[in-house]
Amino acid sequence: MEAQTIIAKRIARELRPGMLVNLGIGIPTLVANYVPDGLNVYFQSENGLIGTGPIPEEGMMHPTLTDAGGRPVSALPGACTFDSAMSFGLIRGGHVDMTVLGGLQVDAKGLLANWMIPGKMVPGMGGAMDLVTGAKRVIIAMQHTAKGKPKILEKCSLPLTSVRPVDLIVTEMAVISFPEGRATLLETAPGVSVQQVIDATEARLAIPGTIPDMCL
Amino acid sequence: MEAQTIIAKRIARELRPGMLVNLGIGIPTLVANYVPDGLNVYFQSENGLIGTGPIPEEGMMHPTLTDAGGRPVSALPGACTFDSAMSFGLIRGGHVDMTVLGGLQVDAKGLLANWMIPGKMVPGMGGAMDLVTGAKRVIIAMQHTAKGKPKILEKCSLPLTSVRPVDLIVTEMAVISFPEGRATLLETAPGVSVQQVIDATEARLAIPGTIPDMCL
Amino acid sequence: MKTISVKEAAALIPDGASLMIGGFMGVGTPERLIDEIVRQGRRDLTVIANDTAAPGRGIGKLVTAGLVRKTIASHIGLNPETQQQMLAGKMEVDLVPQGTLIERIRAGGFGLGGILTPTGVGTVVEEGKRRIDVDGKTYLIEIALRADFALVNAFLADYRGNLYYALTARNFNPVIAMAADTVIVTADNVVPVGVIAPDHVVTPAALIDYLVTNA
Amino acid sequence: MKTISVKEAAALIPDGASLMIGGFMGVGTPERLIDEIVRQGRRDLTVIANDTAAPGRGIGKLVTAGLVRKTIASHIGLNPETQQQMLAGKMEVDLVPQGTLIERIRAGGFGLGGILTPTGVGTVVEEGKRRIDVDGKTYLIEIALRADFALVNAFLADYRGNLYYALTARNFNPVIAMAADTVIVTADNVVPVGVIAPDHVVTPAALIDYLVTNA
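Residue numbers (the numbering used here), protein chains in the order written: chain A, 1 to 216; chain B, 1001 to 1216; chain C, 2001 to 2215; chain D, 3001 to 3215.
FYI, nobody ran anything at the bench for these hints, they're computed from the structure.
A portion of the hints provided could be inaccurate.
[Stated by the list, open to error] Here are the simulated lysine-lysine pairs, BS3-like style, with alpha carbons at most 25 Å apart:
1. D:3129 to C:2129
2. A:109 to A:136
3. A:155 to A:120
4. A:109 to A:149
5. C:2070 to C:2129
6. A:120 to A:147
7. D:3129 to D:3070
8. B:1147 to B:1120
9. C:2090 to B:1120
10. C:2137 to B:1136
11. A:136 to A:120
12. B:1147 to B:1109
13. D:3137 to C:2129
14. D:3002 to B:1136
15. D:3070 to D:3090
16. B:1109 to B:1149
17. B:1120 to C:2070
18. B:1155 to B:1109
19. A:9 to A:147
20. B:1136 to B:1155
21. B:1136 to B:1009
22. A:109 to D:3137
23. A:109 to A:155
24. A:136 to C:2002
25. A:147 to A:109
26. D:3129 to C:2137
27. A:120 to D:3090
28. A:136 to D:3137
29. D:3007 to A:120
30. A:9 to A:136
31. D:3007 to D:3070
32. C:2070 to B:1109
33. C:2090 to C:2070
34. A:120 to A:149
35. B:1149 to B:1120
36. B:1109 to B:1136
[What the hints assert, rightly or not] Okay, the calculated bits of chain C under chain D, using three or more residues with CB under 8 Å as the criterion:
37. 2109-2121
38. 2127-2136
39. 2141-2147
40. 2162-2168
Think of the CB as a built atom: it goes at the ideal place given N, C-alpha and C, for glycine as much as any other residue.
The shape of chain A in the complex, shown without the other chains (with noise of 0.2 Å):
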């Protein structure tokens, strides 16, 4: 299985009925492919929209239904829309239950930067510090590593999104938490050793007694 296959899948496992959840671009955009049959999730897009359904056919598209990277969407029955200020009092209000973002590096006590690379990527942070300061629930979906080298680490040496730490990381290795406020590995990929999850972490992890097998 690929590695993106791998996080949205294992994420997907996360969502529960009537959440309201918000996905990022990239890896988290791909979550929504691997909702339950029959679970009734509310899928936020911050542009405006809650109800986001897939891809509309060819001719059925409309310029103003758009997903927060400006490409065209449907919409579900039961979907609303609203303005940037709600869109934003929803996020930031605690009532997104659960948002799934990419990461650049995270920290042992999961610390978040996602943002920039000074000097080298400045996009903006758009809706990433609220997201991560608001939500209930934050799940990091990345890589593990990027070009070999760890993305979680002891600490950040980006600048960080959100002083809040997030509450899971979802890698194509391994999930980790942050009980009491420290990189705790929960579960491996089928394949994967929790030696070899520790080799491609930086941050020192602690190991629970028993590491269950990811169920995808």
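Starting from the structure of chain A, add chains B, C and D where the hints point.
Quick look at chains B, C and D alone, frame taken from chain A:
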């Protein structure tokens, strides 16, 4: 002419095309009866309506269309409705071009007291504080005296509504404004002498050379 | 979102709870829910609302029944019973300018700590509050307000809980629906999903905890 | 409200003006007005908007034409030209979290001096700003933002200027329509008064200064 009619008719002459106007309860409400023919003004009701129309005929009332006192009103073509946050954004944000409010006392600098008499009458300020603070132009519609005692005083004895001075007072005797922060007699009602106004006013009035009659 | 009978809905509310209640002089107030709370009886409620309506109407019924220990409102002038209970020391009343009240509730629901408003500067409203200058103008810092429950009335609710409000019955309703731990809705009409166009939904279904059935 | 041609509308905007512009990645941006501003040419504009779209689209056209001296936005990642001009020192860019940006604009339009937000606390966003504690939680004081002009796009405008927005083209439009000295609107469709139901009007006509004709 009745005192209320004089006041309402004189204030109606302050209306200009396209203005957004908020009328308080009591005498101010009567201003709507004297809008010059063909003049398009927008009346806001702070419970969430622009385009308030007259009381609908029997059998045409709807429980969800009311004024700020909860009484049935109608809506004119082009009316719009909104929540209370928007309603007070219009008020506080300076989008209301003119508000007409009742007054208990106004002082020599134009400071208004109109929301409580300690120990006697504590109705709450409702929207008055926001209106006086935020509207572009504040006009006070009130009787010149109460039980023979002046209401335009050197200094208010009642709690102030705002530290922002009002722009104009219209009574059944006179029109008073506050150029350079000083109560100034602009007009007298037909048949009322300057001396009568001075006698009925505690605040020292600046008296320009010419005092025309109110145009009604 | 769960559907629930009006009896069950009222039973969710314990003595001492804080309630944000929609409505402006009773217009847009969840009247059936108010009636049931009065029927079941409660003690020491805190009511946060624009006003206390009038005796026999909306929030006025809670006041008459003596269920309210504290009211945070902008106007109580049309309910003499509220004023009597306040002057008799039976009810604490915190009077807040209407624009400040709705912004404080909005801040509570939108994850803001509060707002800076010019309203009330230099008046008795300022007492006990922090002032702050921005670009040479003075503002009061007015802090966010939340409640245990929001009691919301809508004109239309769809099966999932998407809400549409009619005319001046909108008022505080969509704002309080953001600002409470538990949101209970009564609707004048319950309609199938999709009847309310996406652009016309004012309160998204995801905010609603309980929709009271019309049975 | 006055009706005006797109040429006249663009001519209202002087060199050095600050413009709030509706749209999210170009969706809901008054494209005809942008095209005319580019055609007429302007210097040293300040643009306040969610993003700078992409080259050839919406605000991206102003960037490509070199008309923008300063941008206040939450995201410029999809317009490499904005990033190039920023890194080359040709354009000043102030990056603001999206939720903070929209609340600052709203505050400007709603007569608030600013808002207290937890977003950005402890990050580079905090630099130069006041912090304040409320009930033990730390917030940044983010101050109100206004502009000389709001350039708004609506799906429907009636003859008086009441506006209705479609789907995700709403975004920043109704908020900026409150926050500028002069509000100029382009509408996809101009319709008779009354076509937009009172509950569906999002921006009241009284806020609009100029409606661009479709001629």
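Of the numbered hints stated previously, which ones are contradicted by the structure, given in increasing order? Structure breaks hints 11, 29 and 32.
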